[in-house]
Amino acid sequence: MTLQTDITSYLRQHETKPLLRFITCGSVDDGKSTLIGRLLYDSKRLFDDQLAALSADSKRHGTRGGEIDYALLLDGLAAEREQGITIDVAYRYFDTERRKFIVADCPGHEQYTRNMATGASTADLAVVLVDARKGLLTQTRRHSYIVSLLGIRHVVLAVNKMDLVGYEQAVFDDIVAG
Numbered sequence: 026m027t028l029q030t031d032i033t034s035y036l037r038q039h040e041t042k043p044l045l046r047f048i049t050c051g052s053v054d055d056g057k058s059t060l061i062g063r064l065l066y067d068s069k070r071l072f073d074d075q076l077a078a079l080s081a082d083s084k085r086h087g088t089r090g091g092e093i094d095y096a097l098l099l100d101g102l103a104a105e106r107e108q109g110i111t112i113d114v115a116y117r118y119f120d121t122e123r124r125k126f127i128v129a130d131c132p133g134h135e136q137y138t139r140n141m142a143t144g145a146s147t148a149d150l151a152v153v154l155v156d157a158r159k160g161l162l163t164q165t166r167r168h169s170y171i172v173s174l175l176g177i178r179h180v181v182l183a184v185n186k187m188d189l190v191g192y193e194q195a196v197f198d199d200i201v202a203g
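26 is the number of the first residue of the sequence shown in the numbering used here; add one for each residue after it.
The set of hints was computed from the structure by calculation and includes no laboratory data.
Below, a list of computed lysine-lysine pairs in the DSS-like style, where the Cα atoms sit at most 30 Å apart: (1) K186 to K69; (2) K84 to K159; (3) K69 to K84; (4) K186 to K84.
Please construct the entire structure, taking both the sequences and the accompanying hints into account.
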């Protein structure tokens with residue numbers, strides 16, 4: 026096989042896969058960037074140079090005491106890394122054997138709500154994250170409302186950080202009850 030044949034074969038294989046566009050949204054520090062970073066890491070969709078940069082960046086800018094900080098995979102702006110927050114929407118592409126995905130990591134801070142709406146404008150699905158320690162906050166409700174206004178019919182409520190509340194069923198039930 027030639028390089029041209031390999032590339033053509035690869036493109037043909039991927040053009041038939043369905044595409045799912047989704048967003049992560051919710052309040053600040055609920056784990057949106059970390060979830061996507063971990064998904065990319067665990068699905069082995071990172072190159073060696075990205076892993077090396079992630080390791081170095083985690084030591085320099087990370088919030089986990091030198092351990093891998095998966096959120097840094099999404100925070101591309103210098104201000105995001107310095108402040109430890111998401112400001113702009115970060116788009117990442119990945120695929121599996123059956124589907125292609127474009128995920129938009131949306132900022133959780135109130136002042137960047139318009140960026141969240143921009144990221145959500147092309148989404149087919151929304152993953153709304155909630156920090157189990159904080160419950161449903163105003164910004165999470167605001168993001169959920171925007172998701173509804175934009176007509177995103179497929180929504181996943183992801184209750185995150187359950188380990189930090191001892192996996193208490195009552196905490197989960199309160200969040201789900203809204």
